[in-house]
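As a plain string of letters, each chain reads:
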Amino acid sequence: MTDFLQQVVAGLSSGSIYALLALGIVIIYRSTGVVNFAQGEMATFTTFIAWTLVDHGVGYWGAFGLTILIALAGGFLLERIVVRPVEGKPVINGVILTIGLFILFGGLSNWIWKAEVRSFPPSRPFPTSAWNLGGVAVSKQDAGILAVTLVLMVLLWLLFRYTKLGLALRASALNPTASRLVGIRVGWMLGLGWGLAAAIGAVAGLFTAAAAPPLDPNMMRPVLIYAFAAAVVGGLESPIGAVVGGLVIGVVLNLISTYDTHLHLDLDRVRLPLALALILIVLLARPTGLFGRQVVRRV
Amino acid sequence: MPRFFLIATAALLVLGIPVAFGGTTSDPGITSTSIHIGGTAPLTGVAQGFRSVAEGANAYFKYVNARGGVNGRKINYEYEDDQYIPSETVRATRDLVENKDVFAIFNSLGTEQNEAIRPYLNQKQVPQLFVATGGTEFGRDYKQYPWTIAYQPTYISEGTMYGTYIRRTMPRAKIAVLYQNDSYGNDLIAGLQRGLGARKGNIVSKVGYSATDDNVQSEIAQLRASKAGILMLFATPKFVIQAYQYVNGLGWKPKIFNNAVSSASNVMVLSSSRGQNKRVEGSISIVFLKDPNDPKWKRDPAVLLYRKIMKRYNRNGNIKDVYNLYGMSAAFTFVDALKHAGKSPTRASLMRAATHLSERNNPFVLPGMTIRTAANDHYPMDQARLQRWHNGRWISFGGLLKARSQ
Amino acid sequence: MSRLAVARTIAAALAFAASIAFILIAPHWDKVGDIKGAQMGTYFIAIVGLNIVTGYTGQISLAQGAFMAIGGYTTAFLVTHGVRDLWTIPVAALVAGVFGFLLGIPALRLSGLYLALVTFGLAVAMPDLIAWDKLSSVTKGGQSIQLFGSKHLLGQGFNDVTVLGHTTSFNRAVYYLTWAIALVLFLVAWLLLRGGPGRAFRAVRDSEVAAASSGVHIAAHKTLAFAIGAAYAGVAGSLLVIAVAFADPQSFPAKLSLTILVGAVIAGLGSMWGVLLGAAFVEFLPVVSVHISKSQGVPDAIYGAALILIVLLLPAGVAGLLKRAASPLTTRLYTRS
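If you read the protein sequences in the order shown, they are chains A, B and C. Straight run, no breaks: the first sequence in this note's numbering ends on number 299. Straight run, no breaks: the second sequence in this note's numbering ends on number 406. Straight run, no breaks: the third sequence in this note's numbering ends on number 337.
Keep in mind that the hints are not guaranteed to be accurate.
Simulated crosslink set (BS3-like; lysine-lysine; CA at most 25 Å straight-line) [what the hints assert, rightly or not]:
hint	chain 1	residue 1	chain 2	residue 2
1	A	Lys114	B	Lys308
2	B	Lys320	C	Lys294
3	C	Lys36	A	Lys114
4	C	Lys294	B	Lys308
5	C	Lys31	A	Lys89
6	B	Lys227	A	Lys140
7	B	Lys278	A	Lys140
8	A	Lys140	B	Lys255
9	B	Lys311	C	Lys294
10	A	Lys114	B	Lys253
11	C	Lys294	B	Lys74
12	A	Lys140	B	Lys253
13	C	Lys36	B	Lys100
14	B	Lys143	C	Lys151
15	B	Lys124	C	Lys31
16	B	Lys100	C	Lys31
Hints in this document: simulated from the structure, not taken from any laboratory.
With the rest of the complex left out, here is chain A:
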């Protein structure tokens, strides 16, 4: 039983990262209608910025905060300059653009910081020790990451649902013209969506570097598909769905690989295909994801 729970704990830990990345993807989709293939690479890039700050003497938490602000501004500018032209255009344009950003940011990270192995943070943000709950070790760091993820999820949900800003964000995405007529600064809202997502991405990157070291330019590549799976499974429009999706995927994949000895299917070797199968199964049952809204089109 403790082994089972330990796998669940490990799954929640990996899943928190998937959830954070998926949150960013959902925010961007909800506010600008684009799926950001570059979410992982942008997260890596901003994490390296944080590393550079710390390398130049800034304290970890100061760098953390500063990086989030930089990401906010960077995401905002990125949307205004590069992404705006493809919003409202055919879906394929946004896909190619964000794939281009994916390749560009990956290249920049490699070029500026090279592929050396680095650890970040240099000393932990959270303590390294773990609680022992009946034989199950729960790392304080992992618990902290999960807590932050859940808090962010709730904050974003509240933002979209109950605040004027959230309303403005949703309105700008749904009907920019009408929103302008009502006085909403649509351009700012669109940019803010990307800014928020970039900031969340920065948090995801910083946590990944701490929870799944080392910090290197390719660190988010294996994670991206799980984040997509989480976003899709949860429904591309739902922050709660993204987080639930991420945690569920993390746990389910762990459990399958651990307990497949009874099935003799060597499922521990096919984590990625399993994630894909999960996406397919969920989407076939509910084409807009578990928490997504059913879209009804008038003919």
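Dock chains B and C against chain A, hints included.
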């Protein structure tokens, strides 16, 4: 009649003089002033951290060239990016051999990558020298592939050293293994089992991971559930660093064996989280090169030479990256073989020299190590020492071990 | 025929002739050569296939590389079991096409972005799927399949090949084989797309509702498009494996699918005019970038930046550019006729 002899003599002289004085030979890629060799390495992509194997070798060749080269020939080492994808390795290697006319292929990196080009190079009788991988097959299959020769100690021999050591010192301990799910990981396990001999039943848990995985948290948790007292880390640096962290986080205190690919000092220091993670203490690995980060070699002439060459010919490289030094060692051995290939080397004479090495003066390998090959021994290196991580550095112990390479 | 149609036919013929000239010259130009030229040919075929699925039928597929893997492994499997390599190519097309059709069925329920993400997932998961032990009787698990030296392979993978009295090197023979097939497949696609099926595909893309009301069977055409696109990819994958005489999971990474998609977008989705240039772009931009700087990451940064610029400035790709460049002429023709 006399005219005929005159012409014949003139013809003989014209043809004979270049041959007699060691000018161009009939193999491509070699002239009287240069020799053009090629290879592939992952300059981009998932394994780009290993590109320094090629860069270090290149720097060493530049150093040798600045001193006049070998027998008056400068070595032109052209290495191409294969992104660690074997079909790219094939394309790039064919291009090097058929379009760029290289004399030999040297120091190509990767097990599957070298396997992909091995039959082709042997068919074309192009030397496949000193492959940058510990795969066993490159020395084992010399009868079928005589133009191929290995370099570093094989993964099987490394695993055997660990197994033998455990059998002798901890014969009752239970063993858990984290391994990468490919021939590299499987070879290390095979060696471990061979070294353990009758004790191989002590391996109570083997959990594999895929190089495309994001983390090995689940795997380490599974291994811990086996309650083993020894943990073998047959994984690449990224996953080794993670493994140390997760082992620590779980409160598990096994004795840890780390494989040579991931044992560079900078990786160990990272894994120790600047001293906070005590699980690295007492880790055991093998070593066959002088790690430039190891304080004991700080004033060693080889490491000083290494630093000099890096500074002069590979400024952008990371001087802490031991794979640069690996590359230099391989380049040193190549130069050694080339020197013994005669004044007008051919591919055959170079291959002959490479399979008759008796190199005692390679500065980059451990003192006392001999790099030796024979027609039926295509394993240049089969020696190593065990080392233990203590207080932030590796300390070698025991003597030079020799292990069977296959 | 109207003057516009005449002009278009002349332009098409010229473009075709120029392409043939390029194909004949390319192997002798050392910047291209047989090997890169053949790879460009495989990209060409895969791009045409993707264009059918995504450009003409409007279904975003990021899985073209995965279908190349299926085609490639079909060839590898058959050659090791005694089938002559050339005969494996149509089989590879068929097998890949069947899998394409199978993917097309669930794709019916998925809209744009979700389909993109699912197909991306397939592309990412394919190498691990190939390496799965349970499939190892077919794929040899994670180990590679070496075809070099097989007597069922053209020239056993290295020897000179003699065809119709002409002898050429293996690389050259593969090059011509690839491009001959590419041309045939291009013509087949062109005929298909200007005929009934093509009109149906476009109708499905532009408005499913209108298409359905006009009697077009949506599901049949959507899955058919997937099948055809996958079949093309299967041929491309098969030729790739023949060219390197080797098959392994890492030869078909997710990046390959992205490359084909990029090529199709550069070429111009929904049009066949720019495919050659699209294939050239994805084959040679990385090569050119490496010449600019061998530093880590710079080639990728250039590639990414180029991609972004093209999407922003030339969203209709090369085909769109050609149309715009020709528009002064065509408008005049149009208004005069």
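To see whether the hints hold, each was checked on the structure:
This hinted pair checks out: Lys114(A) and Lys308(B) have alpha carbons roughly 22 Å apart, not beyond 25 Å. For the given pair, Lys320(B) sits about 21 Å from Lys294(C) by alpha-carbon distance, which is consistent with the 25 Å threshold. Distance hint between Lys36(C) and Lys114(A) is unfulfilled; the C-alpha atoms sit about 28 Å from each other, more than 25 Å. Note on Lys294(C) and Lys308(B): the hinted pairing holds, with a Cα-Cα distance of about 23 Å set against a maximum of 25 Å.
A hinted pair counts as satisfied when its Cα atoms are at most 25 Å apart, and Lys31(C) with Lys89(A) does not qualify at roughly 38 Å. At most 25 Å may separate the alpha-carbon atoms for a hinted pair to count; Lys227(B) and Lys140(A) meet this at roughly 22 Å. For the proposed pair Lys278(B) and Lys140(A), the alpha carbon gap of about 17 Å is at most 25 Å, so the pair holds. The suggested pairing of Lys140(A) with Lys255(B) holds, with an alpha-carbon distance near 24 Å, which does not exceed 25 Å.
Under the criterion of a C-alpha separation no larger than 25 Å, the hint pairing Lys311(B) with Lys294(C) is consistent with the structure, at around 18 Å. With a C-alpha separation of about 34 Å, the suggested pairing of Lys114(A) with Lys253(B) is violated against the 25 Å cut-off. Restraint check for Lys294(C) and Lys74(B): the C-alpha separation of about 22 Å stays at or below 25 Å, so the hint holds. With a C-alpha separation of about 18 Å, the suggested pair Lys140(A) and Lys253(B) falls inside the 25 Å cut-off, and the hint holds.
A C-alpha spacing of about 14 Å is found between Lys36(C) and Lys100(B), which places the hinted pair at or below 25 Å, so the restraint holds. Only pairs whose Cα atoms come within 25 Å are accepted, and Lys143(B) paired with Lys151(C) is accepted, the gap being roughly 21 Å. At most 25 Å may separate the alpha-carbon atoms for a hinted pair to count; Lys124(B) and Lys31(C) meet this at roughly 24 Å. Only pairs whose Cα atoms come within 25 Å are accepted, and Lys100(B) paired with Lys31(C) is accepted, the gap being roughly 12 Å.
Violated hints, listed in ascending order, are 3, 5, 10; each of the other numbered hints is respected by the structure.
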